[in-house]
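Q: Residue numbers (this note's numbering), protein chains in the order written: chain U, 10 to 412; chain G, 635 to 1253.
In short, the hints are calculated from the structure, not lab data.
Keep in mind that the hints are not guaranteed to be accurate.
Result set (BS3-like, lysine-lysine): computed pairs, CA atoms no more than 30 Å apart in a straight line [as the list claims (entries may be wrong)]:
1. Lys1202/G - Lys939/G
2. Lys232/U - Lys776/G
3. Lys406/U - Lys129/U
4. Lys59/U - Lys1202/G
5. Lys1139/G - Lys218/U
6. Lys1202/G - Lys129/U
7. Lys1139/G - Lys1127/G
8. Lys1189/G - Lys939/G
9. Lys1189/G - Lys1139/G
10. Lys1239/G - Lys1202/G
11. Lys406/U - Lys176/U
12. Lys196/U - Lys59/U
13. Lys196/U - Lys406/U
14. Lys150/U - Lys393/U
15. Lys776/G - Lys381/U
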Amino acid sequence: MKRSTFLKGLVASTALALTPLAVVAQSGDPIIIGEINHYKRMAAFAGPYKQGMELAIEQINADGGVLGRPLEFIFRDDQGEPGEAVKIAEELMTREGAVMLTGSILSNVGLAISSFAGEKGYVYLASEPLADGLVWAAGNKYTFRLRSSTHMQAGMLAEAAAASGAKSFATIAPNYSYGHDAVAAFKTALTALVPDATFVAEQWPGVFKIDAGAEVQALERAKPDAIYNVTFGTDLAKFVREGGDRGLFDGRTVFSLLSGEPEYLEPLGDEAPEGWTVTGYPWYDLNDGPGGAFVTDYQTRYDTAPRLGSMVGYMTVQSIAAAIARAGSTETEAIRAAFEDLPVSTPVGDIVFRAADNQSTMGAYVGTTALKDGAGIMVDWEYKAGADYLPSAEEVKALRPAE
Amino acid sequence: MEFFFAQILTGLANASSLFLVACGLSLIFGVTRIVNFAHGSLYMLGAYIGYSLMQVLPGGLGFWASILLASVAVGIIGILIEMLVLRPVYRAPELFQLVATFGVILVIQDLTLLIWGPEDLLGPRAPGLRGVFRIFGEPIPKYDLVVLAITPFIALALWYLITKTRVGVLVRAATQDREMVGALGVNQAWLFTGVFALGSALAGLGGALQLPKGGADLLMDFTILTPVFVVVVIGGMGSLPGAYLAAVIISVLNVFGITYVPQSTLVLMFIVMIVVLMVRPYGIFGREEVAGEHGQVGEPEDPIKPASSRIRILVAIGLAGLALLPLYGTSFSQVLAIDILIFALFAASLHFLLGLGGMVSFGHAAYYGGGAYVAALLVSHLNTPMELAFMLAPLGAGVAALAIGWVCLRSTGVYFAMLTLAFAQLLWSLVFQWGDVTGGDDGLVNIWPSDWLNETTAFFYFTLVMAVGGIVVLRHIAHSPFGYALRAARDSKRQAEATGIDTHKVQLLAFGFAGLMGGLAGALFVFSKGSVFPNELEIARSFDALIVVFLGGVKTLAGGVVGAGFFKGIEETLLRFEYWRLVMGLLIIGIVILAPEGVVGSFRKAVRRFSGANEGDRT
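Bound-form chain U, shown alone (with noise of 0.2 Å):
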């Protein structure tokens, strides 16, 4: 290491530690932010979630950014791994002068970074892991996440499932823990409404290695009235084919989690199942409003299309820059004070950032899928919003660590 390293590291700790006189000071100084992420190994999923994000600094930046100052996002890629992604996340916020962390998909790196950011007192935003467990069992106060969880989203699907009349279910989801919450949520949902609905197969194929004609065979064996599926990605398609093929959707409600959402449904071509109730992202339907507004902008930005990721991306940066301002401040202590009850103007409309547990109320639209020119989209669809999925705040005090 050099000397004039040193000197710097010098120089940026002690700015660090006068952040709120520097921000005086340096009025012209972007703000960091560090953004971690499996950039190369979800390429399809983190693509869309970057350009959204773009948009949305191109955007808040041409007025001006925030305290004054432009917000700077310092991309990084973990490749996927905790371990990794905890290195980064000490480097961007000891090294690079990052205010706050945000970023991943994969729920185990995002738990990683929040353990992490909790222990070292560092805000972290988790865009759009989806694990019950990074707000509830293994939440932090320094910790918050935007996207609906896997417990909101399972709770819409079963609301319709109740709705549907059918009583004896059928179960498919990957073998790992999204998988195995989205179907403990399903259930306790679902046997609150239907006090008298019956599980008659339950399918564990392992994540991405399906083996679709099989589990469909199983399924068609437990004659279920309805079936409620976790798989996503190639399984889905899999599984859509080896379905349809056999038969097993004939005369079936299907319930089917984040199938709705482009980045899964696309894929799928003219062969997306039509008449599934799904949880996803009908962007071709939304004119107008500020959901209107954002599809267009990101079309004449990109051409091509916004999937649910890029939203997430550029709600993401929307609640960060929303925080900060609300903090008047870059330090960490009044960015995490400002995220409490924080509320924030979204494509999707307003939501807030529970204080309870530190839970965005970012609901998901609830529709049914059809094929409309050799594609497959959602129809009938409604925006449910999320805060009537969320467990009260007394419930979720008892899911979370004591502070």
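Got chain U sorted already, so can you dock chain G onto it with the hints?
A: Below, chain G without anything else, positioned relative to chain U:
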């Protein structure tokens, strides 16, 4: 009954792709002795190329032509890989080529991403074969039946090629004793190229043929790799009938497993593999590795000797520089140093097993991750103080290694390697599946060191002492009588036993000790990161260490440590670029070709050649 029949048909259809890929791998291994990790990448390329061709060529004819052309194209790619990457390193030490194939994986991953983009591609349907036939009332997809019918023809054609033609005679001869084949005047280079091309073409065929049942995506290279290796090992490496039988067994069992024990999807095939290898240590139709492989390929190893005083001074200066890091470095440079030290210890423990013991473990992450999990479980379930958990972690890993080693040491060579892999996978599945205790893939979080170590600098010194201490102990043991016995067992088991060494006991103890040291690295890891996830038990982690050890130099004592430092440093720099995998892959291939004895080995050789005058003194 109808249901069973349908189940078996589904299983057989699944076996087809698996067989095609597996028999290619088996052929390549049988003749060239190369464990081709890039085989999954060739399968992936087959799918992508087939997909692109199907977009251009219309109709039923176009569909089948695309599959054939994709297979041919992958065969040609195989020729390129063999000639450019593998041919220069056939003379390198045993299994060194697998590192080169790992470089190929990285290159193909990035090139595929560049050419076809990140989106999953849904495979086109086979024209005229959409929908199902009803057999005994059970729906069976038409395409399944077609694939089911095609595979035996391919298998028969291969069988004919291998048993009835001159090429086949040569291939079989080379499988049994390639040196003799060379001595009889057969051009080995072209034989190897030909077999590699055939194996690649079969992988490509498998990839293209599965398109109507799935598609092409960037993860499929690794997804297929484990089942294919399991099939090849169960069948017996180099045996085609074995590969077919094993593919059928695995696929059919899997179908029934899914029906009756839906949670079994992660572990089933590894359990089958362990059971088969317990009964038949060389697979169903495999043969004990023949005496032609006796001793080691490449130049004989120098006897190890204590480091010269010059090197000792250099190392001491380096360590002093490291110890003073907190005085001149940033807090992040200490974090980086902690990461590298932990990885160096992990690599050194594998190097001990691999270099000194001659036991190639593909599953060393089991002890690294195992140690991390022992510590994390103690802290999160029993509120064990950090200090105690830290001490118990390596012990737990060591005990696990003794138990696993006891089973694995029944086999040797590649079968030993695959057994260690199977156990590592089993442990991974256990941790992954047993969510109530281990947290599943959501892992265990908030595992932080005690207050006196919680500052970065304090933990840095702690890691420095532990990691350097561990490496010194490993090095010391290499020079002890135990180390000599271990090397004797590696170089010639029979002679070692004749001198009264209980080779089995020595190897088992070494296995346990390497596990213990791996566990120590894992314990350091979990307290430095504050959390642990099943990633630390994954195959990828085992391979990280394996690659570093090979590239550092198996036959040099410092290989593991130097390799770890060297590659962590490079990775740290490369990760900032978008196509870092491409560069990393090319770099690995470059080192394999230019420095076949590893960084340390080749460096030493260069130094020796440079000071050639001294050569006469050494006898």
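Q: Now, for every hint given, state plainly whether the structure supports it.
A: Going down the list of hints, with the structure as the test:
Of the pairs offered as hints, the one joining Lys1202/G and Lys939/G holds, with about 27 Å between alpha carbons and a cut-off of 30 Å not exceeded. Straight-line distance between C-alpha atoms of Lys232/U and Lys776/G comes to about 23 Å, which keeps the hinted pair within the 30 Å bound. For the hint linking Lys406/U to Lys129/U, the alpha-carbon distance of about 23 Å falls within 30 Å, and the restraint holds. Taking the CA atoms of Lys59/U and Lys1202/G, the gap is near 27 Å; set against the 30 Å cutoff, the hint holds.
Taken as a hint, the Lys1139/G and Lys218/U pair is broken in the structure, with Cα atoms around 39 Å apart against an allowance of 30 Å. This hinted pair checks out: Lys1202/G and Lys129/U have alpha carbons roughly 25 Å apart, not beyond 30 Å. Restraint check: the Cα-Cα separation between Lys1139/G and Lys1127/G comes to about 12 Å, which is no more than 30 Å; the hinted pair holds. At roughly 12 Å between alpha-carbon atoms, Lys1189/G and Lys939/G fall within 30 Å of each other, so this suggested pair holds.
Proximity of Lys1189/G to Lys1139/G is assessed by CA-CA distance (about 23 Å); at most 30 Å being required, the pair is judged to hold. At most 30 Å may separate the alpha-carbon atoms for a hinted pair to count; Lys1239/G and Lys1202/G meet this at roughly 24 Å. At roughly 33 Å between alpha-carbon atoms, Lys406/U and Lys176/U are farther apart than 30 Å, so this suggested pair is violated. Taking the CA atoms of Lys196/U and Lys59/U, the gap is near 34 Å; set against the 30 Å cutoff, the hint is violated.
Distance restraint check for Lys196/U and Lys406/U: the Cα-Cα separation of roughly 22 Å lies within the 30 Å cut-off, and the hinted pair is therefore satisfied. Proximity of Lys150/U to Lys393/U is assessed by CA-CA distance (about 27 Å); at most 30 Å being required, the pair is judged to hold. The straight-line distance between the Cα atoms of Lys776/G and Lys381/U is roughly 27 Å, inside the 30 Å bound, and the hint therefore holds.
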